[in-house]
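**Student:** Protein chains in written order, with this note's numbering: chain A, 1 to 169; chain B, 170 to 840; chain C, 841 to 950.
Fair warning: there could be bad hints in the mix.
[To be verified] One side of the interface only, derived from the structure: several residues of chain B facing chain A at Cβ under 8 Å:
| hint | residue |
| --- | --- |
| 1 | 410 |
| 2 | 777 |
| 3 | 818 |
| 4 | 820 |
| 5 | 829 |
| 6 | 830 |
| 7 | 836 |
Treat the hints as calculated values from the structure; they're not laboratory data.
Using N, Cα and C, we set each Cβ at its ideal position, and we do this for glycine too.
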Amino acid sequence: MTTDSWLTLAFYVLAFLLVVGALGVVLLPRIVHAALALVFFFFITSGVYVLLQAEFIAATQVIIYVGAITVLFLFAIMLTNRSYAPDSNPGNSQWMAAALVALVTAGILLATFLESALPVSNLATPGGVTDVTRTLGELLMGPFLLPFEAAGLLLLAAMIGAIVIARET
Amino acid sequence: MPSYVWLIPLLPLAGLIVNFLLMVFGGMRQSRVSGYVAILAMGAAFVLSVLALFWAMGQPRSTDMPIPVVGSFNWYTAGGVAFPLGAIFDPLAVVMLVVVTFVSTLVQIYSQGYMDGDPGYARYYAFMCLFTMSMLGLVIAPNFLQMYIFWELVGVSSYLLIGFWWGRPSAAAAAKKAFITTRVGDLGFLIGILILFTQTHTFDFAKIADAVKTGSLGGTTLAIAMILVFAGAVGKSAQFPLHAWLPDAMEGPTPVSALIHAATMVAAGVYMVARTMPIFQGSPEAMLVVAWIGGFTALFAATQGLVMSDIKRVLAYSTISQLGYMMLGLGLGSLTAGTFHLVTHAFFKALLFLAAGAVIHGTGGEQNMFYMGGLFKKMPVTALTFLAGSLALAAIPPFAGFWSKDEIVGAAYQSGNVVLFLFAIITAGLTAFYIFRAWFMTFLGERRLNPELVAAAAHGGYSNGHDGHGLDAHGHLTDGHDTGHGHSGHAPGDAHESPLVMTGPLIVLAILAVVAGFIGSPLFHGAFQGFVAGSQEADVAIDVPLAALSTGIGLLGILIAWAFYGAHWLSAEAFTAKLRPIYLLFLNRYYVDDIYGWLVGTVLLGLSHGFAWFDRAIVDGIVNGVAWLSYAIFGRVLTWAETGRMPNYALGFFVGVIIIAGIVVGIPVGH
Amino acid sequence: MTITLTHFLVLSGIIFSIGLFGVLAKRNVVSILMSIEMMFNAVNITLVAFSRYLPVPASNSAARGLNGQVFALFIIAVAAAEAAVALAIILAVYRGRRTVSVEDVNLMKW
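Generate coordinates for the entire structure from the input sequences, incorporating the hints supplied.
**Tutor:** If you want it as C-alpha cells, here you go:
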C-alpha cells in the first residue's frame with residue numbers, strides 16, 4: 001500500500017476510536033469509567049497529532065493531559081464521591097434539549113466546514129519546516145516569548161489559587 | 170411721523186410704574202400723589218395725541234394710501250415666521266387715541282373726588298394707568314398678534330377694576346364673570362386669527378387685506394375666520410350672546426364704568442372690526458353676521474333697559490344697545506357711521522355714567538331710581554349735564570348723538586334690509602324712552618325714600634348704600650358708605666351737589682355732547698368721515714325725511730316717558746301689570762343668566778364628571794392594567810426562566826451562540 | 841481518498857459537539873469538566889490541522905506556519921491551569937454542600 005492509503009487508514013481508525021472515546025466520556029454511567037474513557041481519548045488525540053506531523057504537541061499532550069490532568073480528575077472523583085455508586089454520572093433534566101443543541105451545533109459546524117473552499121498547501125511538512133520541535137523552541141523563545149512567560153505566570157497563579165480555594169478551613 | 174408719538178402709550182405705562190413703586194416701596198397707598206401722577210401722565214398723553222391728530226390732519230390722504238406703520242421690529246422669529254411689533258398712526262388710530270386719552274384724563278380727574286378716602290386709592294390709579302396703556306397699545310397695533318396681546322391686557326385691567334372692591338362677593342363674582350365671558354369670545358378670536366395666519370402666514374392687517382383684495386383669501390374659510398374673529402368683538406363689546414357680564418360689571422366704581430364699560434374698552438371690539446374692515450369686506454357673510462348681531466343686540470338690550478331700577482344698569486344696557494348700533498353700522502359696510510357713533514357715544518356715555526356717579530355720591534350711595542326723585546333742586550349741575558347726555562343719547566338734533574345715529578339709520582335704510590331698519594328705528598324710540606324715564610325718575614318730582622333706610626336711620630344707623638365701598642379704612646368688609654369722606658353719615662333724604670373736581674369733567678363732557686357731532690355733519694362737510702375714510706370730503710347729505718322719522722320717534726319716546734314718569738298721566742304700575750309676562754321677561758333679562766347658569770352648572774359639570782370618571786376608570790385603568798400585565802404575565806414567564814441552575818443557563822447561552830452562528834454562517838451561504 | 845484539512849475539521853467538529861452535549865446534559869460537575877477538556881482538545885486538533893495544511897502567508901514568515909501548534913501549546917497550558925482551579929472549586933463546594941450535582945446548587949433561583 002502506498003503511504004497515502006496507510007495514512008487514510010490510520011486516520012479513519014483514529015477518528016473512529018476518538019469518537020468512541022468521546023461518547024464513552026459522555027455516556028458511561030459510572031464516573032470512574034468515564035474518567036478512563038477520557039484517558040483513552042487523550043491518547044488517541046495524541047495519535048492524531050502525530051498524524052498531523054506535530055510530534056512535540058503529541059508528546060506534550062501525553063505528558064500533560066494523560067499524565068497530570070487525568071490524575072487531577074481521578075483525585076477529584078475520589079474526593080467527591082461518597083460511594084462507588086452505579087449511577088454516579090447521570091444525565092440531568094435537560095439532556096434532551098442539550099442533545100438537540102449539540103446536534104444543531106454539529107450541523108452548523110459541519111455545514112461550514114464542508115461548504116468552505118479552503119486553500120491547501122502541498123507541502124510535505126507544516127510550513128515546510130523539517131525540524132518542528134527545534135522550530136517550536138525557537139518560536140517560544142523568540143517571537144512568542146511574552147505569551148510564554150505569561151503562561152508561566154498564569155500557571156503559578158492557578159496553582160496558588162487552587163491551593164487557597166481547596167484547603168481545609 | 171413725529172417721534173413723540175411713541176410716548177403716547179408709554180406715558181401711562183410710566184404712570185403705572187411710578188405708582189407701583191410708590192405703593193410698594195413708598196408705602197403710599199392712599200396718597201393723593203398717585204392721582205396726580207396718573208393725571209399728569211394721562212394729560213400729557215392727551216396733549217401728544219392731539220398734536221398727533223393735527224399732524225395727521227395735515228397729511229395728504231387718499232383712499233388707497235397704505236397705512237403708515239411706524240417702528241416695526243421683529244420681536245420673535247420661529248420656524249421661518251417673524252412676529253413683528255410696531256405701531257400705526259393712521260387717522261382711525263389717531264382719532265381713537267385722542268378719544269381714549271381725553272376721556273381717560275377726565276375720568277381720572279373725576280376720580281379724585283369720587284374715590285377720595287378709599288383705602289385702595291393708589292391701587293385704583295395704578296390700575297387705571299394699566300388700563301389706559303393697554304387700550305392705547307391695542308389702538309396702535311398693526312397686526313393681530315399685538316392687538317391680541319393688548320386685548321387680553323385690557324381684559325385683565327377690566328377684571329382688576331371691576332373687582333376693585335374685592336371684599337364684596339358680588340364684585341368678585343362680577344369680575345370673574347366678565348373675564349370668563351370675554352375669554353370665551355377671545356377663544357374664537359384666537360382661532361380666527363390662527364385660521365387667517367395659516368392662510369396668509371402673516372398677522373399683519375395690511376398684508377391680510379391685500380390677500381383679500383387679490384382674492385387669494387376668500388370664500389368659506391374667510392367667512393369662518395372672520396366670524397370667529399368677530400366672536401372676540403362679541404365678547405369684548407358685550408353683544409348677544411356674550412353680553413351678560415356688562416350689567417354685572419357695574420359692581421365696580423362708577424368712574425371705572427364710565428371709562429371702561431362705556432367709552433373705551435367695550436369700544437375695542439368696535440374698533441377692531443373697524444380696523445379689519447378691509448378684511449371683513451371680503452366676506453359678505455361675515456358682514457351680515459356682524460350687522461344682524463349688532464341690530465338684534467341693540468333692540469334686545471334696549472328692551473331690558475326699560476325695566477331696570479338701578480340707574481347704572483339702565484346705562485349698562487344702554488351701552489350694550491348702542492354698541493349694537495355701532496356693529497350694525499359697520500356690518501352694513503359703513504366704516505364712518507360705526508366709528509363716528511363710537512366717538513360721540515364715548516363722550517355722552519361717559520358723561521352719563523359720571524353724572525350717575527355724582528348722583529350716587531351725592532345721595533350717599535343710593536342707586537335705586539325708585540328711591541330717588543326731586544334731585545334737580547339739590548344738584549342742578551349734575552341734572553343739567555345728565556340732561557345733555559340724555560338728549561345726545563336720544564339722538565335729538567343738534568346734539569352729538571343725532572348725527573352719528575342718523576348715519577347708521579341711513580345706512581340701514583339704504584341697505585334695503587327691512588328688518589334691520591325696523592330694529593334700528595324701534596330701538597331709537599326705546600332708547601329715548603328709557604333714558605328719559607331715568608332722568609324723570611331721578612331728578613323730577615318728590616324724593617321717594619327707601620323705607621328700610623328710614624327705619625334704620627330712625628334707630629341711629631348710617632345710610633345704607635348700594636355702591637358702598639366694600640372695604641373700610643382697615644380693610645374690613647363693611648356695607649357702609651365712604652367713611653373717609655368727612656361725612657359721618659347722611660340722614661336718608663340728604664342729597665348734595667358734588668365738588669368741582671367731579672362736576673368739572675361733567676361740564677366739559679356736556680359741552681362735547683352738544684357740539685361733538687358737528688364734525689361729522691354737513692356743516693363741516695363731513696370732515697370726520699373724510700378724515701377717517703381717507704378722502705378729503707365725504708358725502709354726508711342729510712336725508713331729511715329719514716332724519717325727521719328718527720327724530721320723531723325719539724321725541725315720541727321722550728313724550729311717553731314724560732307721560733309715565735314726568736306728569737304721571739299714565740301709571741307705570743298699571744301698565745306693567747297688564748303686560749306682566751313681557752315685563753317679567755325683560756326684568757329677568759330674558760333668563761339668559763339662568764340659562765348660562767344651567768349650562769355651566771348642570772351640563773358642563775355633568776360633562777366634567779363624565780370625563781373625570783373616564784380618566785379614573787379607563788385611562789388610569791389602562792395604565793394600571795399595563796403594570797398588572799407586566800408583572801402578572803411577563804413577570805411570571807420570565808421568572809420561570811430563572812431557575813438558578815447552571816445547566817439551564819449554559820443551555821440558554823449555547824442556544825444564543827447557535828443563533829448567532831447560524832446568522833453569521835447563513836448569510837454568506839445564503840448568497 | 842486523500843486526507844485533507846476538511847476531514848480533520850469534521851472530526852474536530854464532531855468531538856466538539858459531543859463535548860457540548862456533555863457540558864449541557866450531565867449532572868455530575870466533574871463530568872462536565874471532563875467534557876470541557878474534550879472541547880479544548882477538539883479545538884487543538886483544529887488548530888494543528890490548520891497549521892499543517894494551510895499555506896504559509898508571506899507576511900508570517902516569522903512563525904513559519906507553526907502558529908497553530910504554538911497556539912495549541914498555549915491552550916494546553918491554560919487548560920491545565922483552568923482544570924486545577926475548577927477542581928479546587930468543586931472540592932470547596934463539596935465540603936460545604938456535600939454534593940457534586942449541579943442541579944442541587946440553585947440558591948440563585950427566584
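**Student:** Take the hints in turn and mark each one as holding or not.
**Tutor:** Taking the hints in turn, this is what the structure says about them:
1. 410: Check failed: Cβ of residue 410(B) comes no nearer than 76 Å to chain A, outside 8 Å.
2. 777: 59 Å, violated
3. 818: 11 Å, violated
4. 820: 6 Å, holds
5. 829: 10 Å, violated
6. 830: 5 Å, holds
7. 836: With a closest approach of 12 Å, the residue 836(B) hint is violated.
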